[in-house]
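Here the protein sequences come in this chain order: Z and S. If you're matching positions, the first sequence starts at 1 in this note's numbering and goes up one per residue. If you're matching positions, the second sequence starts at 1 in this note's numbering and goes up one per residue.
All clues given are correct.
Computed footprint of chain Z on chain S; a stretch qualifies when at least three of its residues, placed anywhere within it, have a C-beta under 8 angstroms from a C-beta of chain Z: (1) 33-41; (2) 44-54; (3) 91-102.
Sample of chain S residues with no beta-carbon within 12 angstroms of chain Z, all distances over it, derived: (4) P12; (5) E15; (6) A17; (7) E20; (8) N24; (9) S26; (10) K58; (11) N61; (12) E64.
Derived by calculation from the structure, the hints in this document are not laboratory data. Keep in mind that this is a model prediction, so the values were computed, not measured. Virtual Cβ for every residue (Gly too), placed ideally from N, Cα, C.
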Amino acid sequence: GAVVSQHPSRVICKSGTSVKIECRSLDFQATTMFWYRQFPKQSLMLMATSNEGSKATYEQGVEKDKFLINHASLTLSTLTVTSAHPEDSSFYICSALGQGNQPQHFGDGTRLSIL
Amino acid sequence: AQSVTQLDSQVPVFEEAPVELRCNYSSSVSVYLFWYVQYPNQGLQLLLKYLSGSTLVKGINGFEAEFNKSQTSFHLRKPSVHISDTAEYFCAVSASNDYKLSFGAGTTVTVRA
Numbered sequence: 001g002a003v004v005s006q007h008p009s010r011v012i013c014k015s016g017t018s019v020k021i022e023c024r025s026l027d028f029q030a031t032t033m034f035w036y037r038q039f040p041k042q043s044l045m046l047m048a049t050s051n052e053g054s055k056a057t058y059e060q061g062v063e064k065d066k067f068l069i070n071h072a073s074l075t076l077s078t079l080t081v082t083s084a085h086p087e088d089s090s091f092y093i094c095s096a097l098g099q100g101n102q103p104q105h106f107g108d109g110t111r112l113s114i115l
Numbered sequence: 001a002q003s004v005t006q007l008d009s010q011v012p013v014f015e016e017a018p019v020e021l022r023c024n025y026s027s028s029v030s031v032y033l034f035w036y037v038q039y040p041n042q043g044l045q046l047l048l049k050y051l052s053g054s055t056l057v058k059g060i061n062g063f064e065a066e067f068n069k070s071q072t073s074f075h076l077r078k079p080s081v082h083i084s085d086t087a088e089y090f091c092a093v094s095a096s097n098d099y100k101l102s103f104g105a106g107t108t109v110t111v112r113a
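Next comes chain S alone, as it looks inside the complex (with noise of 0.2 angstroms):
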């Protein structure tokens, strides 16, 4: 089985400042990493996966991940914040052979002007 540690409960920001997301998992196969942001009563929306390939993956809004196999990471980074990117964010993994998802408890980011 697959479990994700998000190191960070709340991450509080100005704005305009650059944010990194700690991510560790653990998984004794292969696996695939997502992250996800969540708006308040909102579903889910994908910011950035990795499946394969290179390990620095740019997702939307500015958004980037490295994959560290070695470190079992996969932190999230953002260069320039801004107030909209207050959210909740999730990271997940799943085995490379299997679709289901396993998350983090979450990291709620907020952004001050």
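Okay, chain Z solo, but in the shape it has when bound (with noise of 0.2 angstroms):
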């Protein structure tokens, strides 16, 4: 159980696109969700927190017009790259929780390369 998908797993695009990445909680209801990025041989690195309908909590230093999130349902977040740049290039990883409960179940992560 406890199962996270994320989509898609790898996107190549133009600088100047806005790519938009998928988490789904497929068996359980998760009233939040967080996004995170990972560079190269890093750690991870929180985004942002998203609660099932309410605005998204993101962490000092990122941009909230340039990575748009948005959990409308108990079973789907989505963050959305906007215009995005070569410096936007990373691995983003989302991860759920299911009801408030422990641990937080990761997705497969979107290896993201903009041109």
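The two chains are supplied separately, each in an independent frame; assemble them into the complex guided by the hints.
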């Protein structure tokens, strides 16, 4: 149980494109989802916390207009990287928390490459 | 705020040998502790967690960890590793009254035949 699906797994697109990444909890309801960014050979950096039906809470230094997060249902959160540029290239990982109970369950990540 | 220090960035080990990955944390409040494993180009998989109760925690794939409050440590151990244990391992901490995780920098385990 506790499966989190992230889609797409890999995206390659041109600079200026907006990219949407989906995170779904497949077999549980996720009241809270998290979005992380991971640079090569580094740890995960929390970008934002997404609560169903309310605005996301962004970590310091993360541009909320750049990284739009929507958590419209208890099983789906989306991250949209708007007007992506090469410096936005990274590995983005989501996680989900079921009804407030630890631990977080992680998706398989999305490799975003902006040309 | 909580923080995590993983003392070893890389751990090479021979197949069937034991391995220990060290993790120390800092927090002014009670904590939950986790170990996750990440295989190349994949997300994180939970190995084990400490929320409360017994300080010796057993996880998947033969891993175990011991919570030591006085030493603020949560070291991960496996008595006999396999080639398939080659991966990146992350220790993480959260305050027991919060859901946010703080991750260590990670330890790369490379198992050689």
